[in-house]
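Asker: Starting from the structure of chain F, add chain G where the hints point.
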Amino acid sequence: DAGVIQSPRHEVTEMGQEVTLRCKPISGHNSLFWYRQTMMRGLELLIYFNNNVPIDDSGMPEDRFSAKMPNASFSTLKIQPSEPRDSAVYFCASRGLAGVGDTQYFGPGTRLTVL
Amino acid sequence: GESVGLHLPTLSVQEGDNSIINCAYSNSASDYFIWYKQESGKGPQFIIDIRSNMDKRQGQRVTVLLNKTVKHLSLQIAATQPGDSAVYFCAETIKAAGNKLTFGGGTRVLVKP
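Protein sequences appear in the order of chains F and G.
The numbers in this note's numbering rise by one with no breaks, and the one at position 26 of the first sequence is 350.
The numbers in this note's numbering rise by one with no breaks, and the one at position 75 of the second sequence is 93.
Looking at chain F on its own, in the form it has when it is part of the complex (with noise of 0.2 Å):
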């Protein structure tokens, strides 16, 4: 199994700009995680996924971010438009059974940079 899937890997781009994260998670699995790591903030969940449906965003920082999973393979994390306190490293992360305390299994990363 390839584990989860993030891109792009590195993202550079500039305060207004639109970016899109993208996720595949393990094959089977039926819940979906994007967290958020920062020096000064740790690891912060931003939203979750149950087969594909969004369960709590209450942690997506403001409007200007939004999430979908139009299919069980495929997320993604959008932020339009973007600004430099958005820099961090974006992880995707998913589990395979719905029960509560299964282990989740995280990607590589997005490694993202406003100027």
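Think of the hints as simulated: they come from the structure by calculation, not from any bench.
No false leads were slipped in.
Below, computed lysine-lysine pairings styled on DSBU-like, alpha-carbon distance capped at 35 Å:
id, chain 1, residue 1, chain 2, residue 2
1, G, Lys118, G, Lys60
2, G, Lys60, F, Lys392
3, G, Lys60, F, Lys402
4, G, Lys89, G, Lys60
5, G, Lys89, G, Lys74
6, F, Lys348, G, Lys60
7, F, Lys392, G, Lys118
8, F, Lys402, G, Lys118
9, G, Lys118, F, Lys348
Answerer: For chain G alone, coordinates are given in the frame of chain F:
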């Protein structure tokens, strides 16, 4: 389980010695705990987990201890190796909150040869 700021606590360990990494979690209702290892430039990697009905669980070279009375979790690494150098995070989750993990701030482990 609250994240901390810029300064990560650091544990320096001599290669071959045992390491103990501690974590204080925030919610007494948490019923599942996970330790993750994060190497530079990579995503967090699952190490070991424990449910609240247990107080100890062992894996390969790692042991997790849970003390619910004082809301404390620890990770013990036996015979620490250079490849163990990384940042280690504990995470907790609450059954009533569904699948959300809350991560601690992390501890950096540096293994000295």
